[in-house]
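Protein chains in written order, with our numbering: chain F, 353 to 689; chain L, 353 to 689.
Accuracy of the hints is not assured; some may be wrong.
[To be verified] Only some residues are given here: those of chain F computed to face chain L with a beta carbon under 10 Å:
#1 Lys498
#2 Leu499
#3 Val501
#4 Ala504
#5 Ala505
#6 Leu568
#7 Pro628
#8 Asp630
#9 Leu642
#10 Thr643
#11 Ile644
#12 Ala655
#13 Asn660
#14 Leu680
Because the hints were derived from the structure by calculation, they are not lab data.
All C-beta atoms in this analysis are idealised placements derived from N, C-alpha and C, irrespective of residue type, glycine included.
Number of protein chains: 2
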Amino acid sequence: MKKKIRAIQYGVGPIGASIVKLLREKQAVEIVGAIDIDPAKAGRDLGEVAGAADAPWGVKISANAKEVLEKSADVVIHSTSSALPRVMDQLLECLEAEACVVSTCEELSYPFRTYPELAAKLDAAAKDWGVALVGTGVNPGFVMDKLMVTLAAVAQRIDHAKAVRIVDASKRRLPLQNKIGAGMSVEEFRAQVAAGVIKHVGLPESVAMVADGLGLPVDQITETIEPAVAQERVQTEYLTVQPGQVAGVHQIARGLSGGNELIHLELQMYVGAKDPADTLELTGKPNITLTIPGGTPGDVATASVVVNTIPMILDAPAGLRTSRDLPLGFFAPGAKP
Amino acid sequence: MKKKIRAIQYGVGPIGASIVKLLREKQAVEIVGAIDIDPAKAGRDLGEVAGAADAPWGVKISANAKEVLEKSADVVIHSTSSALPRVMDQLLECLEAEACVVSTCEELSYPFRTYPELAAKLDAAAKDWGVALVGTGVNPGFVMDKLMVTLAAVAQRIDHAKAVRIVDASKRRLPLQNKIGAGMSVEEFRAQVAAGVIKHVGLPESVAMVADGLGLPVDQITETIEPAVAQERVQTEYLTVQPGQVAGVHQIARGLSGGNELIHLELQMYVGAKDPADTLELTGKPNITLTIPGGTPGDVATASVVVNTIPMILDAPAGLRTSRDLPLGFFAPGAKP
Numbered sequence: 353m354k355k356k357i358r359a360i361q362y363g364v365g366p367i368g369a370s371i372v373k374l375l376r377e378k379q380a381v382e383i384v385g386a387i388d389i390d391p392a393k394a395g396r397d398l399g400e401v402a403g404a405a406d407a408p409w410g411v412k413i414s415a416n417a418k419e420v421l422e423k424s425a426d427v428v429i430h431s432t433s434s435a436l437p438r439v440m441d442q443l444l445e446c447l448e449a450e451a452c453v454v455s456t457c458e459e460l461s462y463p464f465r466t467y468p469e470l471a472a473k474l475d476a477a478a479k480d481w482g483v484a485l486v487g488t489g490v491n492p493g494f495v496m497d498k499l500m501v502t503l504a505a506v507a508q509r510i511d512h513a514k515a516v517r518i519v520d521a522s523k524r525r526l527p528l529q530n531k532i533g534a535g536m537s538v539e540e541f542r543a544q545v546a547a548g549v550i551k552h553v554g555l556p557e558s559v560a561m562v563a564d565g566l567g568l569p570v571d572q573i574t575e576t577i578e579p580a581v582a583q584e585r586v587q588t589e590y591l592t593v594q595p596g597q598v599a600g601v602h603q604i605a606r607g608l609s610g611g612n613e614l615i616h617l618e619l620q621m622y623v624g625a626k627d628p629a630d631t632l633e634l635t636g637k638p639n640i641t642l643t644i645p646g647g648t649p650g651d652v653a654t655a656s657v658v659v660n661t662i663p664m665i666l667d668a669p670a671g672l673r674t675s676r677d678l679p680l681g682f683f684a685p686g687a688k689p
Numbered sequence: 353m354k355k356k357i358r359a360i361q362y363g364v365g366p367i368g369a370s371i372v373k374l375l376r377e378k379q380a381v382e383i384v385g386a387i388d389i390d391p392a393k394a395g396r397d398l399g400e401v402a403g404a405a406d407a408p409w410g411v412k413i414s415a416n417a418k419e420v421l422e423k424s425a426d427v428v429i430h431s432t433s434s435a436l437p438r439v440m441d442q443l444l445e446c447l448e449a450e451a452c453v454v455s456t457c458e459e460l461s462y463p464f465r466t467y468p469e470l471a472a473k474l475d476a477a478a479k480d481w482g483v484a485l486v487g488t489g490v491n492p493g494f495v496m497d498k499l500m501v502t503l504a505a506v507a508q509r510i511d512h513a514k515a516v517r518i519v520d521a522s523k524r525r526l527p528l529q530n531k532i533g534a535g536m537s538v539e540e541f542r543a544q545v546a547a548g549v550i551k552h553v554g555l556p557e558s559v560a561m562v563a564d565g566l567g568l569p570v571d572q573i574t575e576t577i578e579p580a581v582a583q584e585r586v587q588t589e590y591l592t593v594q595p596g597q598v599a600g601v602h603q604i605a606r607g608l609s610g611g612n613e614l615i616h617l618e619l620q621m622y623v624g625a626k627d628p629a630d631t632l633e634l635t636g637k638p639n640i641t642l643t644i645p646g647g648t649p650g651d652v653a654t655a656s657v658v659v660n661t662i663p664m665i666l667d668a669p670a671g672l673r674t675s676r677d678l679p680l681g682f683f684a685p686g687a688k689p
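Please put together the full structure from these sequences, using the hints given.
Below, the structure written as structure tokens:
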């Protein structure tokens, strides 16, 4: 029998917590370490911090990444920040420890346009150490980009690609409702957008992946963030939004060629959203539409996509990969190591 | 500039014809030969036989496979039969010519359960010659299997997988309407099923791929073929179906574990079908449904999937591959060789 996949969790925030709980269900995986710089977490048991029913797990969280990475993991699950420049040192440290990396860093999902130098640096380092890394998640990483490129397999000609993801944030946790500006005035919302606080990160990365995956000659990527304003009173478990107040975000990224739109990716995430769904539309030959009624549940599915990517990244050639390159699938709980 | 991908078409039936017309639109591809044993086709121009508007193409169809395969193609598009045992020699001949193969042979799409020895033989031969082969198409190859496995990337736990594909055959060509038994009596239909004439090939292969891709412990695969009986008169361009006559097929393949159904793949293909659609349902955590309203158009999409798979099979490691292993996508017409 082969030995288990040795995994380290890097970052134990809400997403990291849901990832490790899912990792524990995979018989093929052994969690050998966890890293978090938060003094409130370092030194404590990973299972306890993650809120696992079967805690303690006997795995201590440590703030000392270097020390934890010496445990020679096969894979590091990295979940600390959306911004690629902020996590470069963390990623390089993992690669130097000869571990593959699956990261939730949105800007890593398809970094070739925004950060070509950083992408090249990571690719070179990964090849030097003989390991592979990928940034993924449900969005970016799946709904608007990977699924679109997969659907494109049935097309003979593609003129335009559109994805609309409508998420009802009413049932999501409070930090998310706050993050999308629910309950703010329109003015306050715009100030938060200008300050870079309110923003779903990753749409331009998805546009870039779709452009390359569909061979669409996109020469410019634009992005707008507008408030979704409540038409009627919305009450969630945590807060109330009055008519005229902000219910959430309405964000659109476009891929243009000579000013003409070829790609349109739209995220509507607000409390009280009617008919949540993910819808993809390819215009060309043939025209084809794909719908996920209710929408891919972001809370569950982010951890899923990340954990399900582990077998694929361990199998991938060394270097910087994207979800576009990987044959996604399911990491069965009972799968043998 | 790299040289173009040299392609040979093996089999110039209706599907082969639609494949070569699509191939001609790809700037990166040069069609260097074509094989068909039909005396009505051999010796004629490929473009003319395919019914291309820009015929003649200056590519002659030949009945002599060996001779054509000496043109050292990078890839052979193979489209002669649904039955793997019948095409083994053809496939081996292509591999020996050191060409990758994309085949529409349904039983090649996932042959490991039904024909493990043949699969092993093809895998070994492909590795010997340093090339890769794959069987694919819209179904099997995409809708009920590859797309299902891709969708599974958002799942944490999967208890059951279901796919229903409803195709309205009214607008399809006459041979297809005949093939599904449209206009027959129920008795005649059952005789044709018993004789193995009426059957969509490939559902058990899709069940096997889904079972492996989703880690479901399927120990038995069953298949039923029933007539879809017309409730009212249906008139197509080619034929009329009276109430009580057969309108087409209703075929179900199941993956069982100890008698319990884990996988249910259902194909309804009949003239006058209401609400054609492809619907996938994963039950587990989370429950998730995906719909393609109107359904993936089989006539267009089979050629699409086959041609779009060419760049992936050229990039794949040597051996027998399946659509499950390949990161499907789009082969852009303007893509560079």
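Q.
Checking each numbered hint in turn, tell me which of them this model violates, lowest number first.
A. 7
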